[in-house]
Amino acid sequence: MHELAICESVLRQVLALAERHKANRVGRICLTIGPLAGVEPHLLLNAFPLVAAGTLCDRAQVEIEAASVRVECEICGASSVTKPNRLLCATCGNWRVALVSGDEMLLRSVELFETTPQQYGSDAYV
Amino acid sequence: MCEICGCPGDKDAHVAGQILRADNGKQIEVLHALLHENDHQAEHNRAHFDAAGILVVNLMSSPGAGKTSLLEATIRELSGRLTVAVIEGDLETENDARRIREAGAKAVQITTGNACHLDAAMVHAALHLLNLRGLDIVFIENVGNLVCPAAFDLGQHCNVVLLSVTEGDDKPEKYPVMFRKADLLVISKLDLLEAVGDFEPDRAAAHLHYLANPAPVLEISARNGAGMASWIDWLVKEHEVCQHFFYDSMVHSDANYPHGSQVHA
Chain A
1 MHELAICESV
11 LRQVLALAER
21 HKANRVGRIC
31 LTIGPLAGVE
41 PHLLLNAFPL
51 VAAGTLCDRA
61 QVEIEAASVR
71 VECEICGASS
81 VTKPNRLLCA
91 TCGNWRVALV
101 SGDEMLLRSV
111 ELFETTPQQY
121 GSDAYV
Chain B
1001 MCEICGCPGD
1011 KDAHVAGQIL
1021 RADNGKQIEV
1031 LHALLHENDH
1041 QAEHNRAHFD
1051 AAGILVVNLM
1061 SSPGAGKTSL
1071 LEATIRELSG
1081 RLTVAVIEGD
1091 LETENDARRI
1101 REAGAKAVQI
1111 TTGNACHLDA
1121 AMVHAALHLL
1131 NLRGLDIVFI
1141 ENVGNLVCPA
1151 AFDLGQHCNV
1161 VLLSVTEGDD
1171 KPEKYPVMFR
1181 KADLLVISKL
1191 DLLEAVGDFE
1201 PDRAAAHLHY
1211 LANPAPVLEI
1221 SARNGAGMAS
1231 WIDWLVKEHE
1241 VCQHFFYDSM
1251 VHSDANYPHG
1261 SQVHA
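The listed protein sequences correspond, in order, to chains A and B.
Those letters in the first sequence? Residues 1 to 126, by the numbering used here.
Those letters in the second sequence? Residues 1001 to 1265, by the numbering used here.
A hint or two may mislead.
List of simulated lysine to any residue pairs, SDA-like, C-alpha gap at most 25 angstroms [stated by the list, open to error]:
id : chain 1 : residue 1 : chain 2 : residue 2
1  : B       : Lys1174   : A       : His42
2  : B       : Lys1174   : A       : Leu99
3  : B       : Lys1174   : A       : Glu3
4  : A       : Lys22     : B       : Arg1203
5  : B       : Lys1174   : B       : Asp1136
Calculated directly from the structure, the hints in this document are not laboratory data.
Computed from a prediction, not measured in an experiment: that's the story for all the values here.
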């Protein structure tokens, strides 16, 4: 449900970037979202075209890279990949671990295009 | 090649007689938080509250876990000691704000309509409706929802998550994003524990620990007052921390707000 609000935030950031770089079309928008960010990637992908309609982003492709949940044990120092609801050290089983990755929600990169005014001869338009 | 006019772009790139040259596209590295705007507003809110020396507590839970009842009891317990105000997030009604006012505290209502969470801009609008002078604690009663509110920083100093005994002790396992954010877990409606039968507070605490969250767990009944004393102690201690930070930051501009185990050792 809050994915729509997140899309609006992404859109505002991307449009500001496009303006700064004098671009008038946006290509790929790359995001990184961890399972502990509380955002469902497929809902975000469904919601984005709704907020982007009629803007420079209306043909943008959103790509989401999923981050894995990784913790580092504060007791034995081991690093493990875990499930989002079981942040335990895979080596010693301790729950006193620090989350290294898995809660990120990042706008990684944006592909911007600028329109080149380039008229073709009338015979090119069939 | 564009199938409309034969120009070197693709059909989608064809805009009003102009083509977009794919080769002039550029990749901009950003690495910004998706909620950068909200986070920025939240920091601004926190600065407002810090400048006034006010502790701000974001109260989150599912609908009906007893947030308003806990606040009513808290306002009565703190009466004469600390001055409390409440920013109320409610979908449609003013009922909760009215209950808070009847209990003796100021309340500002944010009617969220269909929105499923509060964001920092809503809280900012509300805080300017409060006279911050003379306040000690501001509670933000978030929209009842265990999913969406967890993603939005509001400018609070701590998150308190309520879990009522009627909901089941495995809620932290089901909603890890929310329960990971808790600085304190309150198990509410303790007076119903026996009637419910299968809720084990220790199991709820264990599920919280499985999220690598060392937050303390308090068992409370706002109705019969059980556990209220330790909740009030927790609040008073957090408020003292806030006050110390307030004075420290007047002397050292780089003072860091202490959290969690640094406070409740």
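For a quick check of understanding: which of the numbered hints are violated here, in increasing order?
4 and 5
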